[in-house]
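Top line first, the protein sequences correspond to chains A and B.
Whatever position you read off the first sequence (first residue = 1), add 393 for my numbering.
Whatever position you read off the second sequence (first residue = 1), add 3 for my numbering.
Any given hint might turn out to be false.
Stated by the list, open to error - Listed next, the stretches of chain A that the computed footprint assigns to chain B, with coverage defined by at least 3 CB atoms under 8 Å from CB atoms of chain B:
(1) 436 to 450
(2) 473 to 479
(3) 499 to 505
What the hints assert, rightly or not - Calculated pairs, SDA-like style, for lysine to any residue (alpha carbon to alpha carbon, straight line, at most 20 Å):
(4) 41/B - 57/B
(5) 435/A - 13/B
(6) 434/A - 105/B
(7) 448/A - 105/B
(8) 434/A - 117/B
(9) 6/B - 411/A
(10) 435/A - 115/B
(11) 435/A - 112/B
(12) 407/A - 17/B
(13) 435/A - 105/B
(14) 435/A - 15/B
(15) 448/A - 13/B
(16) 434/A - 21/B
(17) 435/A - 6/B
(18) 457/A - 394/A
(19) 41/B - 411/A
(20) 117/B - 433/A
(21) 435/A - 41/B
(22) 435/A - 50/B
(23) 435/A - 45/B
(24) 434/A - 41/B
(25) 448/A - 25/B
(26) 6/B - 457/A
(27) 41/B - 438/A
(28) 435/A - 44/B
(29) 434/A - 90/B
Please keep in mind that the hints were generated in silico from the structure rather than gathered at the bench.
Just so we're clear, the structure is a prediction, and the values are computed from it rather than from any experiment.
Glycine is no exception: its CB is placed at the ideal position from the N, C-alpha and C atoms.
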Amino acid sequence: GAVVSQHPSRVICKSGTSVKIECRSLDFQATTMFWYRQFPKKSLMLMATSNEGSKATYEQGVEKDKFLINHASLTLSTLTVTSAHPEDSSFYICSASRGRGSETQYFGPGTRLLVL
Amino acid sequence: AQKVTQAQTEISVVEKEDVTLDCVYETRDTTYYLFWYKQPPSGELVFLIRRNSFDEQNEISGRYSWNFQKSTSSFNFTITASQVVDSAVYFCALSGRSTSGTYKYIFGTGTRLKVLA
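Only chain B is shown next, with the shape it has when bound in the complex (with noise of 0.2 Å):
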């Protein structure tokens, strides 16, 4: 079966801080795919991230960084010098092929991160 797990509910941290949101992932297929989405207030979910099984390199844009190690079947996020505009719903997706043979997402349960002025 595949499984994402978002184990921190709820993060708040104060302006400028660091922030890590973790994702654990369970899969028994030798490639998928690996997403972060943001959900702020409006609703709309922002693409982030994408990473496939076979790169295992971390990734930096701006603030924000990623973590994946499959040792761990973890795929963590990092905010760095966390700003208000931060705030929001972050889902952790693991794209693997169903039993039907699509492909469909499955979303962690999401974690709520307040930045705090």
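Pulled out of the complex, with its shape left as it was, chain A reads as follows (with noise of 0.2 Å):
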């Protein structure tokens, strides 16, 4: 299997306060993880993509400061939303794969983030 978890589900936090969202790759080693913000009955945005051990590539208009992607395992990504504010409110998924190429991307089951 490719079985990929992020943890919380859901999260509410005041305004100003920091989140800490954790995507798993449970089965499998995923040399690259990507985070995607999904808008409601919208598509998926790619935020950044982070391969294991280096600094992630953060996709235009994302702001690095604000959304800290560490990669420090193999089966380990975490995406910080620091000083959240309510339009930081979103659906937040994660996606690992095997190799940094061409291969299939598994996704986690995503978190939900309400900032009030």
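Starting from two chains that each stand alone, build the complex the way the hints lay out.
Structural data, given as structure tokens:
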């Protein structure tokens, strides 16, 4: 199989606080992990690509200092939303692939973030 | 530029009907990969199929089948004898090498399928 987990599944936080979301590949080593954001009834928007042991590559328009991504091991990547604001409320989805190329991405169940 | 178009925003069918979801893509790459994912109301994207640009064979998996035609840049998905459990949003995606050299997905806007009992 290719199972990816995300934690937490839902989080509510106050404006100004930071929130960390974990993404884990449970039964394979993920050389590359991706973080997406999805607005209601919209498609997925790629935020950043991270390779194990190196800095994440952010998509244009995504603030690096606001969305901190760490890919410390072949099975774990984290996304930290710093100083969250209500406009950061969204559905965040991670995916993982075995290689750095064209391998299939396997997606986690997503995290619903609500910033009050 | 790379692009994926899913022109059908929403489709409603009655259970047991066949339904085809369209996907048209644009790319200048000679090597690329196409995918279909299902996103049920729970939110998790479920991988359905991966096809590389050199393999134009159609594929059937149970009630699902895919028709890949490079001549029309299309990768359509058909569900035969639809069931209520097929209700979901279906995304088509193209994977190609970006300007930075890395591969990433280009998603279509998705087609919401509603199967009515």
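For each hint, the structure was consulted:
{"no.": "1", "hint": "436 to 450", "in the structure": "holds (count 5)"}
{"no.": "2", "hint": "473 to 479", "in the structure": "violated (count 0)"}
{"no.": "3", "hint": "499 to 505", "in the structure": "holds (count 6)"}
{"no.": "4", "hint": "41/B - 57/B", "in the structure": "violated (24 Å)"}
{"no.": "5", "hint": "435/A - 13/B", "in the structure": "holds (12 Å)"}
{"no.": "6", "hint": "434/A - 105/B", "in the structure": "violated (28 Å)"}
{"no.": "7", "hint": "448/A - 105/B", "in the structure": "holds (14 Å)"}
{"no.": "8", "hint": "434/A - 117/B", "in the structure": "holds (14 Å)"}
{"no.": "9", "hint": "6/B - 411/A", "in the structure": "violated (34 Å)"}
{"no.": "10", "hint": "435/A - 115/B", "in the structure": "holds (11 Å)"}
{"no.": "11", "hint": "435/A - 112/B", "in the structure": "holds (7 Å)"}
{"no.": "12", "hint": "407/A - 17/B", "in the structure": "violated (44 Å)"}
{"no.": "13", "hint": "435/A - 105/B", "in the structure": "violated (24 Å)"}
{"no.": "14", "hint": "435/A - 15/B", "in the structure": "holds (18 Å)"}
{"no.": "15", "hint": "448/A - 13/B", "in the structure": "violated (39 Å)"}
{"no.": "16", "hint": "434/A - 21/B", "in the structure": "violated (24 Å)"}
{"no.": "17", "hint": "435/A - 6/B", "in the structure": "holds (16 Å)"}
{"no.": "18", "hint": "457/A - 394/A", "in the structure": "violated (32 Å)"}
{"no.": "19", "hint": "41/B - 411/A", "in the structure": "violated (31 Å)"}
{"no.": "20", "hint": "117/B - 433/A", "in the structure": "holds (17 Å)"}
{"no.": "21", "hint": "435/A - 41/B", "in the structure": "holds (14 Å)"}
{"no.": "22", "hint": "435/A - 50/B", "in the structure": "holds (18 Å)"}
{"no.": "23", "hint": "435/A - 45/B", "in the structure": "holds (15 Å)"}
{"no.": "24", "hint": "434/A - 41/B", "in the structure": "holds (14 Å)"}
{"no.": "25", "hint": "448/A - 25/B", "in the structure": "violated (37 Å)"}
{"no.": "26", "hint": "6/B - 457/A", "in the structure": "violated (25 Å)"}
{"no.": "27", "hint": "41/B - 438/A", "in the structure": "holds (16 Å)"}
{"no.": "28", "hint": "435/A - 44/B", "in the structure": "holds (13 Å)"}
{"no.": "29", "hint": "434/A - 90/B", "in the structure": "holds (14 Å)"}
When held up to the earlier numbered hints, the structure conflicts with 2, 4, 6, 9, 12, 13, 15, 16, 18, 19, 25 and 26 and fits the remainder.
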